Each structure stands twice: as C-alpha cells, then as structure tokens.
Amino acid sequence: MTTQWRGLYDELAAAIQNGTLKPGQRLPTEHEQSASRAISRNTVRRAYLALSQAGLIRIVNGRGSYVMQTGLTYEIDSDSRFREVLERQGVASSIQTLSTGLGRAEPNEAEALSIKPGAAVLRQTMLILGEGTPFILTTRVFPADLALDLEERLLRLGSFTALLRDLGLGPLHRVSTTVGARMPEPKEARLLCCPLNAPVLDVVALGRLESGRPVEWQHALMNSRLIKLSFLSP
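Per full-length UniProt numbering, the very first residue in the sequence shown carries number 1; after that it's consecutive.
Keep in mind that a hint or two might mislead.
What the hints assert, rightly or not - Quick list of simulated restraints, FRET-style, between CB atoms: (1) I59 - A38: 16 to 24 Å; (2) V204 - T29: 37 to 45 Å; (3) I95 - S230: 33 to 41 Å; (4) P199 - R6: 24 to 32 Å.
Hints in this document: simulated from the structure, not taken from any laboratory.
Since the model is a prediction, treat every value here as computed from it, not as a measurement.
For glycine and all other residues, C-beta sits at the position ideal for the given N, C-alpha and C.
Sequences and hints are given; from them, build the entire structure.
Below, the structure is given as structure tokens:
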C-alpha cells in the first residue's frame, strides 16, 4: 500500500514530467497542500524533500518550492555564451556574483593563460540562473594586466565580453572545452540546488582573443539534470 507522502510525491513528479506543472511554477505551500488534501504538513514536507532530492523542485527558504527547469541543450562552439542560449530558449537569465577580486595565478591557470605562476589575475565566481534556477556555478580567471582598473571595469560593465569591447580588444573565442563528471561538494550542491548523489558536469574552458592571446580560463560546474551539452563542429 502506497504511503501518503509517496502518493503525493508520485502525483507531483508525474505532473512535472508530463508538463502539467511548468518549469519555474510555484507549488502550493505545505500548509495549503495539507489543508486541501487532509494530510499532515509532515507528510507534505517529506514529499517535497524527496522531490527536491530527485532534482524535480527547488526549495527556497522563506519563498516557497518551485518546479525546476529541465532539458536545456547548451550548444557549444567558439562564440556561444550560456546566457544567450537560455534567452533563445525563452528562459530569462540572470547572474549572481559571489566574489570578485585580485589574486595570484595557480600553476594550472598560469599554464593555460601563458603567464607565470603567481602572476596577478582577476578571479570571479558567480552563478548563472534561468528564471531564478541555478544552472551553472563558474569561476573565471583573467590576466590582471589587461587593464589597470580591470576589476572596476568588469563590475561596472557586467560582462567580460563587454569589457573586451570597451578595451578595443575584439571578441572572445573559445578554443578548448574539457568536460568531466563528479559528485558535488556540499557547498556546490547547495548553490546549484542539486542533490548530493547526482553528478555535476565539471567543465574547463579557455578563451582567446583574435590575436591568439589567452585571456579567460574558466572552471564551471553544471547541473547535469538541467543541462545537456552539444558540441558544434566548426
């Protein structure tokens, strides 16, 4: 015999998977579900927690529970940007900057950017969201000598592409993308609103100017339940 929480879980999971409940849609509160179904709030809470652990909803403290975005394909070529991919698929994008600051290049960063280990770099970590749902947690590293006021310019202009244009350096081209997979750390899972037992895509990419100079090294974690990668041939 199906328990009450499992019955609610199965009903909501089916509604999410068949599209009756739409990505980004807010679910009724625990109190509302409890009152309308004559079941306890603990039963609703257990069902919602299981849906969250399955990656079907995200629970935002103080705001409610929302159906997760799913099934977006990120087509990667030399010029693609994930926020543009979201917008083309009708998903409003946003960025949450977690940290920005000057530091010293780690050996792997320095090798990729063709600079000396310990050279000054600007490091920025941020979340890329679609309709409020976290899709990508990314850290990008830039050579600090691109501009004397690199950090101020990046924060003011809001994007590295706009910064390069402002500096007159031309467009950025992705020249390599390496993809792996692993389980997320607790902090990563919390930021991406994904289960600890579901793998994330571990992506390292390098961007260069038309002159050939590498100017962006990026390490990104992508929620594999939300994103599929497609690599386009040149």
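Comparing the hints with the structure gives:
1. Distance hint for I59 and A38: a CB-CB separation of about 23 Å, consistent with the stated range 16 to 24 Å.
2. Against the hinted window of 37 to 45 Å, the Cβ-Cβ separation of V204 and T29 comes to about 41 Å, which satisfies the hint.
3. Checked against the given bound of 33 to 41 Å, the beta carbons of I95 and S230, roughly 23 Å apart, lie outside it.
4. Checked against the hint of 24 to 32 Å, the C-beta distance between P199 and R6 comes to roughly 25 Å, which is consistent with it.
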